[in-house]
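Protein sequences, first through last, are from chains A and B. Heads up, the first sequence is in the numbering used here, so the first residue is 2 and it goes up one at a time. Heads up, the second sequence is in the numbering used here, so the first residue is 217 and it goes up one at a time.
Treat the hints with care, since some could be wrong.
[To be verified] In silico DSS-like links for lysine-lysine, alpha-carbon gap of 30 Å or less:
(1) B:K644 / A:K240
(2) B:K220 / B:K268
(3) B:K465 / B:K435
(4) B:K435 / B:K332
(5) A:K50 / B:K297
(6) A:K18 / B:K644
(7) B:K332 / A:K18
(8) A:K18 / B:K465
(9) B:K410 / A:K22
(10) B:K306 / B:K407
(11) A:K56 / B:K220
(12) A:K15 / B:K407
(13) A:K18 / B:K327
(14) B:K508 / A:K15
(15) A:K88 / B:K324
(16) A:K186 / B:K268
(17) B:K644 / B:K258
(18) B:K258 / B:K268
(19) B:K644 / B:K578
(20) B:K297 / B:K637
(21) A:K111 / A:K52
(22) A:K15 / B:K410
(23) A:K15 / B:K258
(24) B:K324 / A:K22
(25) B:K637 / A:K18
(26) B:K407 / A:K18
(27) B:K447 / A:K22
(28) B:K641 / A:K18
(29) A:K89 / A:K221
(30) B:K411 / B:K391
(31) B:K306 / A:K15
(32) B:K327 / A:K88
(33) B:K407 / A:K22
What the hints contain is simulated information worked out from the structure, not anything from laboratory work. Quick caveat: nothing in here was measured; it's all calculated off a predicted structure.
Letter by letter, the chains look like this.
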Amino acid sequence: MNILVSIKQVPDTKVIKVNPKTNTLDRSSAPAILNPYDAHAVQEAVRLKQKHGGKVIVLSMGPPQAANAIRKCVEIGADEGYLISDKKFAGADTLATSYALYKAIEKLEKEQGIDLVLCGKHAIDGDTGQVGPGIARRMGMPPLTNVINVESVDTDNKLIRVHRKIEEGHEVIESPLPCLLTVEKTINEVEYAPLPNMLRAARYEPYVWSVDDLEDVDIKQLGLKGSPTIVGTMWPPEKSSGAEMIEGSTDEQVSRLLEVMNDTQELLAVKGGDGA
Amino acid sequence: MAEKFDMIIVGAGPAGSAAAYTAAKEGLKVLLIERGEFPGAKNVMGGILYRKQLEEIIPEFWQEAPLERPVVEQRFWFLDKESMVTTSYKDKSWAEEPYNSFTVLRAKFDKWFAQKAVQQGALLINETVVTECIVEDGKVIGVRTDRPDGDVYADVVVLADGVNSLLAKNLGFHKEWKPQEVALSVMEVLKLDKKTVNERFNVGENEGVSVEIFGEATKGALGTSFLYTNKDSVNIGVGTTLSGMIERKMKPHDLLEELKAHPMIAPYLEGSESQEYLAHLIPEGGFDAVPKLVGDGVIVVGDAGQFVNAIHQEGSNMAMKSGKLAAETVIKAKELNDFSEAALDSYRTDIYDSFIGKDLKKYRDAAHTFEENPQYFEEYVPMMNQAMNTFFTVDGTPKWEKQKKIAAKVTAGRGKTGLVKDMYKAWKAVK
Numbered sequence: 002m003n004i005l006v007s008i009k010q011v012p013d014t015k016v017i018k019v020n021p022k023t024n025t026l027d028r029s030s031a032p033a034i035l036n037p038y039d040a041h042a043v044q045e046a047v048r049l050k051q052k053h054g055g056k057v058i059v060l061s062m063g064p065p066q067a068a069n070a071i072r073k074c075v076e077i078g079a080d081e082g083y084l085i086s087d088k089k090f091a092g093a094d095t096l097a098t099s100y101a102l103y104k105a106i107e108k109l110e111k112e113q114g115i116d117l118v119l120c121g122k123h124a125i126d127g128d129t130g131q132v133g134p135g136i137a138r139r140m141g142m143p144p145l146t147n148v149i150n151v152e153s154v155d156t157d158n159k160l161i162r163v164h165r166k167i168e169e170g171h172e173v174i175e176s177p178l179p180c181l182l183t184v185e186k187t188i189n190e191v192e193y194a195p196l197p198n199m200l201r202a203a204r205y206e207p208y209v210w211s212v213d214d215l216e217d218v219d220i221k222q223l224g225l226k227g228s229p230t231i232v233g234t235m236w237p238p239e240k241s242s243g244a245e246m247i248e249g250s251t252d253e254q255v256s257r258l259l260e261v262m263n264d265t266q267e268l269l270a271v272k273g274g275d276g277a
Numbered sequence: 217m218a219e220k221f222d223m224i225i226v227g228a229g230p231a232g233s234a235a236a237y238t239a240a241k242e243g244l245k246v247l248l249i250e251r252g253e254f255p256g257a258k259n260v261m262g263g264i265l266y267r268k269q270l271e272e273i274i275p276e277f278w279q280e281a282p283l284e285r286p287v288v289e290q291r292f293w294f295l296d297k298e299s300m301v302t303t304s305y306k307d308k309s310w311a312e313e314p315y316n317s318f319t320v321l322r323a324k325f326d327k328w329f330a331q332k333a334v335q336q337g338a339l340l341i342n343e344t345v346v347t348e349c350i351v352e353d354g355k356v357i358g359v360r361t362d363r364p365d366g367d368v369y370a371d372v373v374v375l376a377d378g379v380n381s382l383l384a385k386n387l388g389f390h391k392e393w394k395p396q397e398v399a400l401s402v403m404e405v406l407k408l409d410k411k412t413v414n415e416r417f418n419v420g421e422n423e424g425v426s427v428e429i430f431g432e433a434t435k436g437a438l439g440t441s442f443l444y445t446n447k448d449s450v451n452i453g454v455g456t457t458l459s460g461m462i463e464r465k466m467k468p469h470d471l472l473e474e475l476k477a478h479p480m481i482a483p484y485l486e487g488s489e490s491q492e493y494l495a496h497l498i499p500e501g502g503f504d505a506v507p508k509l510v511g512d513g514v515i516v517v518g519d520a521g522q523f524v525n526a527i528h529q530e531g532s533n534m535a536m537k538s539g540k541l542a543a544e545t546v547i548k549a550k551e552l553n554d555f556s557e558a559a560l561d562s563y564r565t566d567i568y569d570s571f572i573g574k575d576l577k578k579y580r581d582a583a584h585t586f587e588e589n590p591q592y593f594e595e596y597v598p599m600m601n602q603a604m605n606t607f608f609t610v611d612g613t614p615k616w617e618k619q620k621k622i623a624a625k626v627t628a629g630r631g632k633t634g635l636v637k638d639m640y641k642a643w644k645a646v647k
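This is chain B alone, in the form it adopts within the complex (with noise of 0.2 Å):
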């Protein structure tokens, strides 16, 4: 007879090992199953851990985390083709305890973390895939698994498993995702010494800089691209919707080559060397696009339930919170022993409650409105670019004038009823 557990969860990322770390912790038999040969292994994000959620599951968890760099300065850089209109705050505060965010490197990450859980009493296996959930009358009772004799059984699985979340796809919690749904993103950790990375990025020994970049980039089309500051590499990444590289028939590999060649970038990577090489989906469709969360006996976390909030790029404390919020639920469902659909709902108001909903209702329409409006990455990033160069280039023309050159262009551009309009649209997006 194939072994019973009280929860497995497929998939050992934040997500997945925040919710067998919770659950193990208070004592339930949890399974982790990974496909990866560890986890973390095809595990991708930019690089950027916010320290809150997983302070909420692993207090000081930076005594002891492999992390990258504390986050002391945030940049952002509107691009055009030869200059860039910058801004970026600062804060010495962010270099010390408790810290604010840090850089971090996914597969070293992810494999302290599920050992974290591994700790607390839950079972990982690797080189594992699960190819559907065994469900009887209805109820998901188990898991089936590519290897021989490969069923095992639980009251509750807990699906963790990515953006493409298949297994809830199968149970019908949602369809295919749309192009406009999903970004793609692909990154290059590009080796660089220490000592190299503070001088460039004017930083200390224990302190990092993360760089969104704007415009430019991503050829106008819905997405960022970013620079962080590792130990002694940086990562460098674009992504942008899958939509908007289909209409512009952009390759993400061009887009990455030719950000890492622009002349307000270039200089930073001078002499790097390719470490790795990543490209992974990224779910944003936002709130209206969660899937199910719950059904008899199952439980969507993570990627798998669209939770990314793609204006502000959180993803993996969004991962950690609905892993920890599954985790609880299971732990009271296990005390009446009732792991029905009804009994694990409270699961889905809990993440509706959370920071989670609350952030996805409030930029429901961002993605929507920055997509259908392209002239926001298309004309304004290169508007700011050309009223910066009309304004501070020195060519014996009075300021007055050329603050009136410069209205003149901008207006040109959109209109002033357009450019009130795209104020207005841009300020109901993201209110």
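Pulled out of the complex, with its shape left as it was, chain A reads as follows (with noise of 0.2 Å):
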């Protein structure tokens, strides 16, 4: 089973700041990083590698050093990776980048058979969530979104049975293959990859495709050009106030604790959603 994962090197938002004029991210500030949600669309594909046999192909949209996000896939256990990397595909929205990456994925199904695409949930520096589906859409697949355990897959019939995390609760699906996973975090724990995987990431090499490397591709519908979003305008969340610092001794902290706690009960509160 070939299992292609569709990844992103994004600024660690951790430690990013904003330019308080402009209020865009100034991505010089931080490190760039594999996007967190792919580590684990990484590592669930080989885990199910490993379990049904096959290859990981790793593809990602950027500039040529996102090679280095590649290579931490390498450390996961990815066994190729190919990065597609030009300057007409600069500049572009979600509806651009999934073109981008349908553009590389039809030639790599083409050349090898896909059977199955990973995706994180999102990127944490846009936090959309449309490239995946985005691209499920154009290749024709089922996308399944927030996919928090694959159960099962049947190499013999093309059947996966996956758990999804809805707002009710968990749904059980079972798709065809070949289909378009986003995954949680929880599904997985990235694990602490072997040294020889090290070693073989620190001198692996992804295939670098310019758009002259793809075929049939549409020049109109890359890059800015092909990016319909507009930005409206952009704010920094309202900064919380009122905390009150409790201080004193102990007893004095906890007798204050249950006044507020008894003044304010929407405090208390239980809201609809996650672990209502």
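Once you've looked at the hints, go ahead and assemble the two chains, each given alone in its own frame, into the complex.
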């Protein structure tokens, strides 16, 4: 079973700064990392490969330094990596991105056959979660989002059974292969990579494709030109205020805390959704 | 079967990267293993990089290395509670190629240096901890890492794993360092815009200042503090021997906070914003603390070898030099296909013949003398300040009387003989 994982190199949003004037992310202020959700997608692909055979192919679109994110996937256990990198891809929104990735997957599908596509739930820099389903739509594959468990794969009958996280709980779905999954972090734990993988990754050079390496590409659908998304205004979230620091001896602190809890019942009200 | 390399280097600091670069350039199969997220992520120094030793490895490195500012002025401040005596040397020629020294931020610099080794063909892996050397029949034949399938082999393992070098300790090369053999240094990187740095330190765009501070900053303990200018930040730090901190019950963090708030220092830092807070041990045991440096299939370099000149605040240059010498030794050993202790022993003699061995020997007793005789730090700096205050405060006292007063004060402290003895001891320690 050949599994393709679509991944992205993102700025580490744990440490990124926001430009106070433009409200845009100052990407130079943060180190570039493999999107954390994508690491789980690669790990799941490696797990499935170990069970069912085949190989794990990683695909990314980005500047040449995105090769480092692909190397990180090789550490986890990916077999091959492809980077589509070209100035013509630059400035792409989710629509143009999914088109470019689709064109690359189409080529890989023709060359080697793809049985399953995995993506992270979303990238931590944009949080849209649109590229995965966008690829699925273009490939004509069923998109199964927010997957938390791959229960079984039936390679003979080409069927996959997964658990999805939905608002009301979990949903168990069976789908024909090939299909596309976007995964939650809870699907697995990314394992501490074995040393031979580290050595292989340090040496690994991904295949780099430009637009010209892809077939039947409609240039108008690429990059900034192919991106209808317009960012209106941006503003930072309001800073919450009114926090009270409770000080004093332990007894004083406990009695003050009880007071606050009694006075503000809404703090304790259980809301719907997760953990409801 | 696990892979075998010509040389495995543990630790991608200045010593490790210098060794990796030198060996890979000669075509050796080199593996460089770093425990941090990237080289430099865990490394700390005050921030002065001397030109000479890196230039010997990478000529004209300043064209491309991520440096902050070339140092054009070295200032020395002798700090009392509300005053200081200062002296400095400024040299315009230091602002031009080939420069003398630079301020650097290690997180950036070490990353670059390791990448240069990778460009020469060395293999670098990060986030991997070497837990022990693999020893067979008394010979080091590789390393064991904390990763699954984590063994990897080499003809020679170079230990560049820093001041604590647990690996060299496990091999029995050294014992636990004594508190007087290591200094604890804490520092902070404070963000300050470029223009403010230029104005406050009276330098141009691409010119930097290093300030070494003595006296009050360490509360009389053996040690120094520093203030260095980066492009748009300053590094400020303070370090004393571990024994000094223990005896005086000082916490390094408090020392740094007090230094930052000192009336002579605070104006330089006003309006700055804390960017990074770092702490590190510095090997300061000197000549007599140097461990066994060579064994069968193993060589010790950099801080792990205690190559630090505490008096002149040099360490990274010695680290690079030792890394280079280690690589050259392995290259020779490879030609003869002999990696025994005897074959690698030329590394040890090379170290002692180089400025590393000679400088460590020169200052062999220095740290010891100053540690045993705290008056140099506790008494003489305040004395200098008081002398200046007496002499320069205009209060109608004739100058001749002032001089007599100063002389009386000075000899009252230590006595004439004590004074002469101290001067002799200090001279002997650094001669």
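Quiz item: Which of the listed hints are not met by the structure?
Solution: Those not satisfied are hints 1, 2, 4, 5, 6, 8, 14, 16, 17, 25, 28, 30 and 31.
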